[in-house]
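Chemist: If you're matching them up, the sequences are chains X and B in order.
Taking this note's numbering, the leading residue of the first sequence gets 1, the next gets one more, and so forth.
Taking this note's numbering, the leading residue of the second sequence gets 1, the next gets one more, and so forth.
Just so you know, not all the hints are guaranteed correct.
Since copy identity is lost for identical chains, a pair holds within one copy or between any two.
What the hints assert, rightly or not - Using 30 Å as the maximum straight-line C-alpha spacing, the simulated DSS-like pairs for lysine-lysine come out as follows:
| hint | residue 1 | residue 2 |
| --- | --- | --- |
| 1 | Lys114 | Lys184 |
| 2 | Lys114 | Lys533 |
| 3 | Lys351 | Lys506 |
| 4 | Lys506 | Lys476 |
| 5 | Lys204 | Lys368 |
| 6 | Lys328 | Lys13 |
| 7 | Lys506 | Lys332 |
| 8 | Lys368 | Lys13 |
| 9 | Lys506 | Lys463 |
| 10 | Lys101 | Lys293 |
| 11 | Lys221 | Lys476 |
| 12 | Lys476 | Lys495 |
| 13 | Lys2 | Lys533 |
Think of the hints as simulated: they come from the structure by calculation, not from any bench.
Since the structure is predicted, the reported quantities are computational estimates derived from the model, not experimental observations.
2 protein chains.
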Amino acid sequence: MKVGQYLFNKLYKANVKYAFGIPGDFALPLYASLSQSPIIPIVTTHEPSAGFAADAYARLNGLGLAVVTYGAGALNIINPIAQAYAEKSPVIVVSGAPEIKNRNPDLLLHHRVKTFETQIEIFQRITNISVLLQDPHLITEQIDDVIDTVLRTKRPGYIEIPRDLVYKEIPKFRCKHSRRPEKKLEVFSEAMEEIVSRINASRKPVVIAGVEIERFGLGGKFIKLVEKYNFPVATSIIGKAVFPEHHKNFIGTYMGAVGNPAARKLVEESDCLLILGEMITDTNTGLFTSHIKRENLIHASSEHIAISHHNFDEIDITDLINYLLNSKKIKKFSFKNSFAQKKAPPVKDGKLTIKAIFRELSSLPDGKYSFITDVGDCLFGCVDLNADIILNPGYYASMGFGVPAAIGAFLALPSRKPISLVGDGGFQMTGVEISTLVKSDIPALIIVVNNGAFSSLEAMDRKRDYFTVHSWDYVKLAESLGAEGIRVNTLKDFKKALELGTQKNKAFLIEAIIERSDISETLERIGNAVHRKFSRKK
Amino acid sequence: MKVGQYLFNKLYKANVKYAFGIPGDFALPLYASLSQSPIIPIVTTHEPSAGFAADAYARLNGLGLAVVTYGAGALNIINPIAQAYAEKSPVIVVSGAPEIKNRNPDLLLHHRVKTFETQIEIFQRITNISVLLQDPHLITEQIDDVIDTVLRTKRPGYIEIPRDLVYKEIPKFRCKHSRRPEKKLEVFSEAMEEIVSRINASRKPVVIAGVEIERFGLGGKFIKLVEKYNFPVATSIIGKAVFPEHHKNFIGTYMGAVGNPAARKLVEESDCLLILGEMITDTNTGLFTSHIKRENLIHASSEHIAISHHNFDEIDITDLINYLLNSKKIKKFSFKNSFAQKKAPPVKDGKLTIKAIFRELSSLPDGKYSFITDVGDCLFGCVDLNADIILNPGYYASMGFGVPAAIGAFLALPSRKPISLVGDGGFQMTGVEISTLVKSDIPALIIVVNNGAFSSLEAMDRKRDYFTVHSWDYVKLAESLGAEGIRVNTLKDFKKALELGTQKNKAFLIEAIIERSDISETLERIGNAVHRKFSRKK
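Build out the structure end to end from the sequences listed, making use of the hints.
Modeler: This is the structure:
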């Protein structure tokens, strides 16, 4: 078996059906090998988009793959892979590279930067594991190690393959994988005992469902757990919709003082708060405006479980959820959800606003759509979007995620139509990826929320010339790429466009024009918090 | 004086009139300070484009500047800055960043990857100097040091500014700059004596003019030197047009066996070859198909001077050119240029080909245009483009350079109209930057050479589905961004379009359709060399 064949077969067995990237001369054998495997290459227009598409695919599929060339290819995918690292998305980057025998320090091969190792040194800083394949006897172990580590930690890995190795035969032998050390039973018992007694002693337990519930495939178990004990559940901005937000136990998206006020009240007044699988970031805490008493907190992540001020380092969120689900020692609570998101009364027409857009989208049925939001008010405003799948870059917050992520989301879950919300600024970065939607027959609906500016930055600063986003004819642009589109600026027309767009079975763009000053309530609260904090008046 | 004010005033004095980038929340004070300085911010659609624009600006202006935000901004500019490093373009990247006091390892601020230092560690690998500003007492020295190093080495530098420092007052004191050590007179004399005697002993000296002649501002002196001794001059692919290619001493672009055959003959048969300011890369040597006898070689770069097999490490190309220009010891040669590029006879019509496109462009007058080529056959084919300014990524070879570079080229040299040649693949990466051309009133002419494929990769491999570039309506796309355009597929129509496009005083796009299999002679030779080398038949 050849090296490339081993790699792609192994990845295919790990459920990778698509590879995102762009070929280049150092990756020619790699692409040739890929095309002989059952994995289908999806060539995007630009590497940053390949990274975002692979990330979205990984979030929904459990593992994603990008295949790029050395230098100009791989170094163009740094930002999306950094985001996948920050947000725990299991993406593997495979890069073609110069032959080891040619790696003479005096040899200037094209695409080389400082040294031949510059590239892997950079990837070491944004992945959990980075390997350069060299010795055929070690290659299978190296490849297995990357796949195992990425699957276990849900963070990116990097494999660099010199191009003359792709078609090298690998010696047949079984390699041993390093195993994760067994968890200590004593640690586990002590932690669980304390958690059970804290929950039973509490009167108002609340759970914040975090993004790792989705990353580690715990969604189904988590719903059962919530229903078993009748816990109220909030989501976070990055963990939007990891718990179905039309569920009767859902209380809103918590984001400190800037998120949903009802969720804030319940969360901050809880005498036993369980944060499950969430990162405690500036965004999630509403720029650190949250008031959570550490004494009442149980925080479980994939890295450890912390109770009040002490940590248990060898156990994690999966252990906790499995234990709680099967425990017979915990009482059922009598929580009744009077705080639930009230169904907004239907509004027929009027000015189109960001709030109205999210209200309309929230009324779409569960089970049919994968929502994706880009950065800016499409992200902040989605606090008020209630759905069952929402992908967003809620922590690292790289603009340009929206359109490419629709590619990955559809290929991972083809039974759902992707609906991407993206501002005009984010769209200008990677929106031409509509081309790949058309080429690959992906019936995504792209909603460009066009307010003519970087409105989030304006909310945190003030109106500035350099926040103006140059005006494009987005519909015409979509047409030039082979898609269709429509431009609307009233609520009535938006409703009609949404009906049309959700029924289309090809890529469709809605340019939704709103006023430059129209921002969501969340963004307004964020702007106020920033101004209070930095007294920014320059 | 405030930190931001000091930085931007100092950069302005170093001839930086424009800054390329995109604001973001960690860069809000930085942009506010920038807008109070005389430097004009040019906001592009995407950070990779800002990097390419700053690079092109730096090549023509002597120093370029990109201003970005932390994380999602800065890590999205890695590839173009890596290219600027590889190709010696003096670009300074200034990134906003989190406050030092907030850099608690447990604090998850958005845009952060592994640690707060991940970003600077990555920039250290693609710049010659990277600094994080912290102590107000050291800031002026740090800033001066970056500017000096970038100007001296023509390689990028990186300045990271925590956002609370931008408006901090800096203590008034004069700082001492480190000075470059004096060159050793003895080294210099010995080297010059040997070079003079080698030149005088030769019968057929030839000079290859390299890219550093332009980077170090030696163009004018170099022409005088050539005319004083009547040396024949070849250029290299990355050093295209650093010597005016309509000059009577120009013999063609040397690229080993794959470049201009006439230039190859003269270069490889020379008994005294001077390579001045060139990197000896795989591209420049036509994938190492060059046959240059090291014994006959004098190779001067900004780093050292090498003669035959020995090096002089403390002297450089500037020393050599100054010495040769003023020397009275060297004879004048009797070279007569029978190898010059023959003026191709005018062709009126026929199928449009890549060769015909370069022939038409070569007939445009000197002094009026800055030519820019993207990667692929726009780069390889430009061996046959003779002009007086050509910018290209001839070594690192990142696609997507073409359109953004037109922004930087025009702002650096507004007396010349930029003409960018870009393939359909390269255009799809960053072509929407036409938006910035329109917004900033830049009358660039963009020629999209549309053959529907990554034809260079096909020449090195074979026809493959994944080399097909999805078809766009490029004219309609240009219109959607506010520019005009025209589509042509015959020579006659291309000539007319070129006449129209060169006369327009606004951004204009020509979609030049050629056949998928139509490649330049250079690319054909490259393809053959690759197939011979790798016997690639998969």
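Chemist: Each hint needs a verdict: does it hold in this structure or not?
Modeler: Evaluated hints:
Taking the shortest Cα distances, Lys114 and Lys184 sit within 30 Å of each other only across copies (28 Å), while inside one copy they are farther apart (45 Å). Taking identical chains as interchangeable, the C-alpha atoms of Lys114 and Lys533 lie at most 30 Å apart only when they sit on different chains, with a minimum of 26 Å there against 41 Å within one chain. Taking the shortest Cα distances, Lys351 and Lys506 sit within 30 Å of each other inside one copy (28 Å), while across copies they are farther apart (36 Å). Proximity of Lys506 and Lys476 under a CA criterion of 30 Å is satisfied in both settings, with 16 Å inside one chain copy and 20 Å between copies.
With identical chains, the CA atoms of Lys204 and Lys368 are never at most 30 Å apart, being 34 Å at best within one copy and 76 Å at best between copies. For the identical chains of this complex, Lys328 and Lys13 are neighbours neither inside a copy (37 Å) nor across copies (74 Å), given an alpha-carbon limit of 30 Å. When the C-alpha separation of Lys506 and Lys332 is checked against a cutoff of 30 Å, the pair qualifies neither within a copy, at 47 Å, nor between copies, at 71 Å. Taking identical chains as interchangeable, the C-alpha atoms of Lys368 and Lys13 lie at most 30 Å apart only when both belong to the same chain, with a minimum of 27 Å there against 59 Å between chains.
For the identical chains of this complex, Lys506 and Lys463 are inter-copy neighbours only, at 28 Å across copies versus 38 Å inside a copy, given an alpha-carbon limit of 30 Å. Taking the shortest Cα distances, Lys101 and Lys293 sit within 30 Å of each other only across copies (23 Å), while inside one copy they are farther apart (59 Å). In the homo-oligomer, the alpha carbons of Lys221 and Lys476 never lie at most 30 Å apart, since the shortest distance is 46 Å inside one protomer and 51 Å across protomers. Proximity of Lys476 to Lys495 under the C-alpha cut-off of 30 Å is found in both arrangements, the shortest distances being 21 Å within a copy and 28 Å between copies.
Taking the closest pair of Cα atoms, Lys2 and Lys533 come within 30 Å of each other only across two copies (21 Å); inside a single copy the shortest separation is 58 Å, beyond that limit.
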